[in-house]
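Q: What follows is each chain in one-letter form.
2 protein chains.
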Amino acid sequence: MAELTFEINEPLDMHLHLRDADMLKLVGPLTSKTFSGALIMPNLVPPITTKEALLSYKQRIKEACKDDKFEPYVTLFFKNDYSYEFLSDVKNDIIGIKLYPAGITTNSETGVASMDVEVLRPALESMSKLGIPLCIHGETNGFVMDREKEFMPIYESIAKSFPDLKIIMEHITTKDAIELLDKYDNLFATVTLHHLIITLDDVAGGMLNPHLFCKPIAKRPEDRSALLNAALKAHPKLMFGSDSAPHPKHKKECCGCAAGVFTSPIALQVLTELFEKHNALDKLNAFVSLNAQRIYNLSLEKKTIKLVKKDFVVPAIYEYKNENVVPMYAGETISWSIESIN
Amino acid sequence: MAELTFEINEPLDMHLHLRDADMLKLVGPLTSKTFSGALIMPNLVPPITTKEALLSYKQRIKEACKDDKFEPYVTLFFKNDYSYEFLSDVKNDIIGIKLYPAGITTNSETGVASMDVEVLRPALESMSKLGIPLCIHGETNGFVMDREKEFMPIYESIAKSFPDLKIIMEHITTKDAIELLDKYDNLFATVTLHHLIITLDDVAGGMLNPHLFCKPIAKRPEDRSALLNAALKAHPKLMFGSDSAPHPKHKKECCGCAAGVFTSPIALQVLTELFEKHNALDKLNAFVSLNAQRIYNLSLEKKTIKLVKKDFVVPAIYEYKNENVVPMYAGETISWSIESIN
Chain A
1 MAELTFEINE PLDMHLHLRD ADMLKLVGPL TSKTFSGALI MPNLVPPITT
51 KEALLSYKQR IKEACKDDKF EPYVTLFFKN DYSYEFLSDV KNDIIGIKLY
101 PAGITTNSET GVASMDVEVL RPALESMSKL GIPLCIHGET NGFVMDREKE
151 FMPIYESIAK SFPDLKIIME HITTKDAIEL LDKYDNLFAT VTLHHLIITL
201 DDVAGGMLNP HLFCKPIAKR PEDRSALLNA ALKAHPKLMF GSDSAPHPKH
251 KKECCGCAAG VFTSPIALQV LTELFEKHNA LDKLNAFVSL NAQRIYNLSL
301 EKKTIKLVKK DFVVPAIYEY KNENVVPMYA GETISWSIES IN
Chain B
1 MAELTFEINE PLDMHLHLRD ADMLKLVGPL TSKTFSGALI MPNLVPPITT
51 KEALLSYKQR IKEACKDDKF EPYVTLFFKN DYSYEFLSDV KNDIIGIKLY
101 PAGITTNSET GVASMDVEVL RPALESMSKL GIPLCIHGET NGFVMDREKE
151 FMPIYESIAK SFPDLKIIME HITTKDAIEL LDKYDNLFAT VTLHHLIITL
201 DDVAGGMLNP HLFCKPIAKR PEDRSALLNA ALKAHPKLMF GSDSAPHPKH
251 KKECCGCAAG VFTSPIALQV LTELFEKHNA LDKLNAFVSL NAQRIYNLSL
301 EKKTIKLVKK DFVVPAIYEY KNENVVPMYA GETISWSIES IN
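One line per chain: the protein sequences are A and B, in this order. My numbering numbers the first residue of the first sequence as 1 and each following residue consecutively. My numbering numbers the first residue of the second sequence as 1 and each following residue consecutively.
Treat the hints loosely; a few may be bogus.
Any copy, or any two copies together, can satisfy a pair, since identical chains are not distinguished.
[Unchecked claim] List time: in silico EDC-like cross-link candidates among lysine to aspartate or glutamate, alpha-carbon distance up to 20 Å:
id: 1; residue 1: 249; residue 2: 332
id: 2; residue 1: 283; residue 2: 332
id: 3; residue 1: 91; residue 2: 63
id: 4; residue 1: 149; residue 2: 222
id: 5; residue 1: 79; residue 2: 67
id: 6; residue 1: 175; residue 2: 146
id: 7; residue 1: 149; residue 2: 179
id: 8; residue 1: 233; residue 2: 273
id: 9; residue 1: 283; residue 2: 323
id: 10; residue 1: 79; residue 2: 116
id: 11; residue 1: 160; residue 2: 176
id: 12; residue 1: 25; residue 2: 323
id: 13; residue 1: 129; residue 2: 89
These are calculated hints, taken from the structure and not from any lab test. Quick caveat, the model's predicted, so the values are computed rather than measured.
Here chain A stands alone, though its shape is the one from the complex (with noise of 0.2 Å):
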């Protein structure tokens, strides 16, 4: 019997951390082999802010990553007192800014403070006339199951006000996300690969399992539900980003465990199970890379990654050196592998 096969060409992460240093060794390649690009996002100690800080975070990534056919799309850490000068500089050098709430994530502390419009104008209306696209993690201080929903107002106003902003709702895990989707041209999202498949039920429903918790936390059935549909249909707003996130294995199994899952390994074979079980393997390609290329307005390298179904065992752990990460579904076998990459 013939194998089955799928290919996936220029497969592209939209909303990717890879960290630094020896963390950035060990999961630069996993992602860099497998993808043709990824958007980078900005949340080091300290926080990407500076065009030199920029080049130079890029240039580490492109050593650790080795591979000629990957781009790693950086972005900067959004502050309110950017100018338009300073934008006019590194508007070239990045593919968007990221704003994060204070305090509401992994490295956010710099975060701004106020999401008011007004306070965020002058930086925003650079932004607006010169192209940059707006990333934001929309999450409020709110009870953790409404974060997400409580920020769409937030969304809703930055829309209105700057309608030639691209504004990319990051990591979206809601169904009211989804439907704000449609509602504004310059809206856009992306939806990582482990909130099209767990609910809070994965998190804390029978054990606690800190390897799924991440931030926003995954929701409830039916925001799955939305998200995953909205992903199978290849809807057009909507890009794949994995948010994989690694931290060290001592710090998802302790007490007080850090937010993150770990996807950059596995994200191809696993999206590739998910849309064959669906019958939707013909949408895969524009969820992984047509989308981001259209609105991102993305040129790339061809590069194709050939998938068989054939089981593959995730390994249990990833290792350089001291770092060391733990992968989503480590020790499990999942359906589909990689054949090969050209």
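On the provided structure of chain A, position chain B as indicated by the hints.
A: Showing chain B alone in chain A's frame:
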């Protein structure tokens, strides 16, 4: 300035897990010292299902607790096939029978597979005739935030089918359960200390906190408000039941942590702090003793716990031989201390 003091008379903990062996020896005295009695849950491995096991466990509890003024009210683990003769024989040795849907919490694997009233009818009819109360862990196996709410129709169905059966909704966590309390004369409830204080935010809103992970999981702010309001007015059908559930530190602070919050040694101090804060100290004796005495027809020896408004630093851990357990508020300071016990 005179110190602020408060007296609690004959406190009762109407839902308590004491485990067995060295863990029993560690946690038993932490309840018996300050309480007049406690309803002890039967979910050991194997569960308590025979008169012999029941009497033997009660004896081990008495030996571990070493306090003549403490009464352990023991319970049987519900089984569909208990005969009238058997129940009639154990009636005077137990305070009630605890029903667990299979697989719903720690050591509940051998619980009942179906909550269909007709399946439960023979045993429940016998209990009803004999006047044996039914204590229920009321959760379905649905989405974690909905499990208790989804169980409400099952409570209703049992309450309607057996109007003479006293039914206790154990460790309620939702406003739905509070509302149901007033709908059927034969429905009662216990509520824990921690569910009066925490929401899901405290478990998974910041970092993941395994020490506050429990079943049923802490719910939404409006649920906590409903529970707290009912406790503060000492709703006559609501009793204090800590559901204090010790697990060794390594089973809490690990990947896949066990469910349960350990509150026995701090329960009376924190309840006093909470009721004082809400100007409801005049209701605390009803909530923590009188309601249970009336609902279960208990007569108790006099035991007075005198508390004083003075800082108490909660121990980081309690230990005995190879067993240990981390209490809620470990290492933190609470504003009331126990001054004397008479």
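Q: Are the hints correct? Go through all of them and say.
A: Against the structure, the hints come out as follows:
Only within a single protomer do residue 249 and residue 332 lie at most 20 Å apart by alpha-carbon distance; the minimum there is 17 Å, versus 27 Å between protomers. Taking the closest pair of Cα atoms, residue 283 and residue 332 never come within 20 Å of each other, the shortest separation being 26 Å inside a single copy and 53 Å across copies. Taking identical chains as interchangeable, the C-alpha atoms of residue 91 and residue 63 are never at most 20 Å apart, the minima being 23 Å within one chain and 75 Å between chains. In the homo-oligomer, the alpha carbons of residue 149 and residue 222 lie at most 20 Å apart both inside one protomer (14 Å) and across protomers (17 Å), since each shortest distance falls under that limit.
In this assembly of identical chains, residue 79 and residue 67 lie within 20 Å of each other by CA distance neither inside one copy nor across copies; the values are 32 Å within and 63 Å between. Taking CA atoms no more than 20 Å apart as the test, residue 175 paired with residue 146 passes in both settings, with 12 Å inside one copy and 18 Å between copies. Taking the closest pair of Cα atoms, residue 149 and residue 179 come within 20 Å of each other only inside a single copy of the chain (11 Å); across copies the shortest separation is 27 Å, beyond that limit. In this homomeric assembly, residue 233 and residue 273 come within 20 Å of each other (Cα to Cα) only inside a single copy, at 15 Å, whereas the closest approach across copies is 54 Å.
For the homomeric pair residue 283 and residue 323, neither the shortest alpha-carbon distance inside one copy (36 Å) nor that between copies (55 Å) is at most 20 Å. For the homomeric pair residue 79 and residue 116, the shortest alpha-carbon distance inside one copy (13 Å) is at most 20 Å, but the shortest distance between copies (59 Å) is not. Taking CA atoms no more than 20 Å apart as the test, residue 160 paired with residue 176 passes inside one copy only; the shortest distance there is 17 Å, against 39 Å between copies. For a Cα distance limit of 20 Å, the shortest separation of residue 25 from residue 323 inside one copy, 9 Å, qualifies, whereas the shortest one across copies, 42 Å, does not.
In this assembly of identical chains, residue 129 and residue 89 lie within 20 Å of each other by CA distance solely inside one copy; the values are 13 Å within and 84 Å between copies.
Checked against the numbered hints listed earlier, the structure breaks hints 2, 3, 5 and 9; every other hint is satisfied.
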